[in-house]
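J.: Below, each chain spelled out in residue letters.
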Amino acid sequence: MTRRRVGVVLVSHSAEVAGSVAEMARCLATGGAAAAVAAAGGAEGGGIGTSAELIKRAVHRVDAGVGVVVIADLGSAVLTVKALLEDKELPDGTRLADAPFLEGAVGAVVTAAAGADVAAVAAAAEEAYGYRKA
Amino acid sequence: MKMLINVPETVVADGLRGLAAAHPELTVDVENRLVVRRDAPVEGKVGLVSGGGSGHEPLHAGFVGRGMLDAACPGEVFTSPVPDQMARAAAAVDSGAGVLFVIKNYTGDVLNFDMAAELAEDEGVQVAKVIVNDDVAVTDSLYTAGRRGTGGTLFVERLAGAAAEEGAPLDRVATLAHRVNDGCRSFGVALSACSTPAKGGPTFELPPGQLELGIGIHGEPGRERRAMMTSGEIADAAVDAVVTDLRPDGPVFVLVNGMGGTPLLELYGFNAEVQRALGERGVPVVRTLVGNYVTSLDMAGASVTVCRADDELLRLWDSPVRTAALRWGC
Amino acid sequence: MNTSASGTPDPAIDSAFVRRWLSLATSAIEHKSSWLTELDSAIGDADHGTNMQRGFAAASAAVEREPSNTPGEVLTHVGRQLISSVGGAAGPLYGTLLRRAGKALGDQPAVTPEELCVALRSGVDSVAQLGRSERGDKTMLDSLYPAVEAMEFALSSGSGLLAALAAARTAADEGAAATVPILARRGRASYLGERSIGHQDPGATSAALLIAAFAEAAEAV
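Chains as they are written, first to last, in full-length UniProt numbering: chain A, 1 to 134; chain B, 1 to 330; chain C, 1 to 221.
Hints in this document: simulated from the structure, not taken from any laboratory.
Take these hints with a grain of salt, some might be off.
List time: in silico SDA-like cross-link candidates among lysine to any residue, alpha-carbon distance up to 20 Å [as the list claims (entries may be wrong)]:
1) B:199 with C:30
2) A:88 with C:34
3) B:199 with B:300
4) A:82 with A:96
5) A:88 with C:30
6) A:88 with A:51
7) B:129 with B:175
8) A:88 with C:38
9) B:199 with C:108
Computed list of chain B residues with no C-beta within reach of chain C, every gap over 10 Å [stated by the list, open to error]:
10) 31
11) 76
12) 95
13) 106
14) 108
15) 124
16) 126
17) 171
18) 220
19) 248
20) 288
21) 314
22) 317
23) 324
Restraint ranges, calculated between C-beta atoms of paired labels, are given here [unchecked claim]:
24) C:193 with B:3: 18 to 24 Å
25) C:66 with A:45: 32 to 38 Å
26) C:183 with B:118: 29 to 35 Å
27) A:23 with C:195: 28 to 34 Å
28) B:3 with A:75: 22 to 28 Å
29) B:227 with A:20: 46 to 52 Å
What you are looking at is a predicted structure, and each value in this text was computed from that prediction instead of being measured.
Think of the CB as a built atom: it goes at the ideal place given N, C-alpha and C, for glycine as much as any other residue.
Kindly produce the complete structure, drawing on both the sequences and the hints.
T.: See the structure below:
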């Protein structure tokens with residue numbers, strides 16, 4: 001059977017932040033090529049902001065029919081994803097993870113690349129709140 | 001948006017069933033999406049086959065009959081038909097004298113008709129093609145798919161159809177069709193967007209109080225949007241666009257065509273302004289047709305097509321025609 | 001038999017492989033149908049998803065009715081069915097892509113990854129020829145050419161089928177995403193001119209789905 005992977009979308013106010021975190025998570029995941037991660041950062045024409053269009057495009061890009069976990073940085077990024085989910089503008093099986101941006105992204109992408117289901121990928125992102133650094 | 005339909009998936013089939021019920025002189029194959037003259041193939045006559053996406057009625061099925069098309073192939077709404085339809089149509093209307101495909105210049109139509117021509121030729125049918133591209137709104141033909149086929153299609157189908165009815169051979173019918181197309185120019189104006197059954201609502205946004213000059217028959221964007229204008233101002237803009245491009249040096253046929261959602265009262269009023277505008281520019285009009293002929297579903301608005309006329313074309317135009325949408329002389 | 005880095009052996013490219021591809025492509029198109037239509041409603045006439053779905057459903061049914069014995073025959077058959085059922089420009093273009101690729105595979109019961117790659121390249125070239133377009137016109141070629149080139153590069157650097165198709169899938173996906181800022185020059189979108197900028201091309205997107213299905217078909221053994 002083919003293993004369709006859960007997708008991960010990183011929504012940040014900054015295109016650079018979203019892109020770099022996606023790249024880092026991809027590199028940390030073993031067999032990184034198998035991870036479907038997309039960045040939706042910044043406003044549509046560039047600059048700091050959030051774009052519903054970019055988010056939609058990114059979610060559809062990584063959606064293989066087995067769910068997509070979205071991780072957003074702050075404020076309007078979170079609100080835009082919530083609004084898209086409420087308006088059913090994102091594919092079925094898309095969920096917003098309550099997770100720290102970078103740590104959550106790494107947890108989600110590593111777990112998704114290993115072939116876990118959408119609940120496990122979201123849980124991996126959310127568990128990242130528990131990592132103690134000191 | 002409320003529509004007089006059952007479900008979006010069956011609009012084309014439902015329309016064909018209704019056409020069949022109203023016009024026993026047509027053979028309507030609902031399953032294979034084919035409308036054919038009942039007396040086809042007509043002995044010794046070149047067959048004319050056209051087709052395109054549905055949603056432009058009466059084009060093309062309403063133009064099937066004596067003096068015009070032998071067969072029409074309707075596709076899904078705004079989607080070109082598939083090659084099998086045209087190949088089947090060609091086989092049904094070919095009496096051995098060959099078949100002319102009348103194709104509106106859209107990427108999908110051109111590709112599907114090209115493939116159909118190959119299929120038909122493999123079956124031994126001689127095929128000639130004419131691509132209608134009369135829409136002057138498209139100014140950049142190099143970096144677009146080129147000028148679109150709109151109202152000029154009616155003139156090509158009628159005049160080439162009349163020549164075929166008189167017994168002209170395929171090369172002459174094809175040459176005449178090209179000549180008619182070369183002499184046709186059209187310009188459309190939208191007052192509202194059209195709504196496809198599949199979408200259930202407008203396919204583009206046209207803000208209230210604005211119109212779009214140069215609209216295509218699928219709602220393709222035109223040259224510009226402007227604040228609403230009067231019928232006289234719209235006629236001047238449309239006539240300017242076609243006359244500047246065609247530069248007619250003699251009499252012309254005129255089609256004042258409704259897009260589907262504009263009342264005939266308004267269309268006739270618009271025709272009065274079109275005739276005035278042509279008169280002011282010194283263009284003599286020999287025949288005029290007013291009505292909904294090349295429509296865009298429920299779009300409000302109109303297009304103006306001007307077609308060069310000469311003695312031969314005038315005689316062909318006046319010859320008998322008997323179709324669902326055009327009928328005179330018989 | 002070649003073996004990929006992860007140790008999974010490459011599958012044979014036989015008629016079962018192409019049938020697996022067809023089934024994966026059909027389900028991907030079905031799943032993404034409304035998204036394709038949404039992309040098409042921005043720069044086309046809002047029917048790409050519906051038309052592709054109708055075509056692939058018809059092709060799947062036809063291949064099931066008349067199973068073919070060679071990969072070339074299956075691809076050719078699918079191409080013919082798409083031409084007969086999709087309509088619009090997508091029907092002839094996708095139909096030609098697969099028909100030409102299928103014919104290039106000949107009548108062998110199984111082909112090498114290199115032969116599949118050459119066949120896909122000849123299919124893509126025939127799409128460019130038929131549509132009189134090139135890369136950068138905001139069409140399906142913007143994901144197909146990068147995919148074929150990535151596959152060629154991977155195979156020439158010693159990769160096996162799995163890795164080569166994975167590279168093709170990534171390149172197609174990136175190619176489709178990269179159509180957003182391009183000005184459309186072909187098809188109905190071309191009439192939008194500048195207004196076509198900022199929208200992802202539906203054709204490049206559906207083409208990337210078909211390439212991804214090849215990668216999945218190779219994984220799915």
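J.: Hint numbers the structure violates, sorted upward?
T.: Those not satisfied are hints 9, 11, 13, 14, 18, 24, 25 and 28.
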